[in-house]
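**Student:** Take these sequences, add in the hints, and give me the full structure.
Anchor point for the sequence shown: position 31 equals 31 in our numbering, and the numbering is continuous, going up by one each time.
One should not assume that every hint holds.
[Unchecked claim] Lysine-lysine pairs mimicking DSS-like chemistry, simulated, CA-CA at most 30 Å apart: (1) Lys3 / Lys23; (2) Lys3 / Lys15; (3) Lys91 / Lys15; (4) Lys95 / Lys3; (5) Lys115 / Lys95.
Source of the hints: derived by calculation from the structure; they are not laboratory data.
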Amino acid sequence: MNKDIGRNAERELVKTLTSLGFKAVRIPTSNSSPNPLPDVFATFGDTLLAFEVKSTWEPKLKIREIQIRKLLDFLSMFTMEGHAYVAVKFKLFTKWELFEVTEPSSIEVRAGEGKELLSFFHSRSQGTEQLI
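**Tutor:** Dropping the structure here:
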């Protein structure tokens, strides 16, 4: 993925999460960093969310184990409840989808199989349901 495309997707995700009431930041670091850092993390109440962010014109995308492991390792450093997600902007369909990850393994994500970001987090940020 082109670095500018990736940075723009990360910034867009932060802006979207912030508009929904989350406190969100982008961590500008190289993917090759050995540190367990997500692309974006956000908090809502006592919950911490870690995101690996992708943007693609393709209907499916492979995510490497090391990227998922970094999300899970990041969350393990905190005592608060945490959830790890791969957030993918499928440009062909002009939508964001979320894929929750709980195990450090490579995965393949497909458009239409994830949770649509805006509807998933909108009701939760309004307090009508539990966050996750």
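**Student:** Hint by hint, which ones does the structure fall short of?
**Tutor:** Nothing - there is no hint that the structure violates, so all of them hold.
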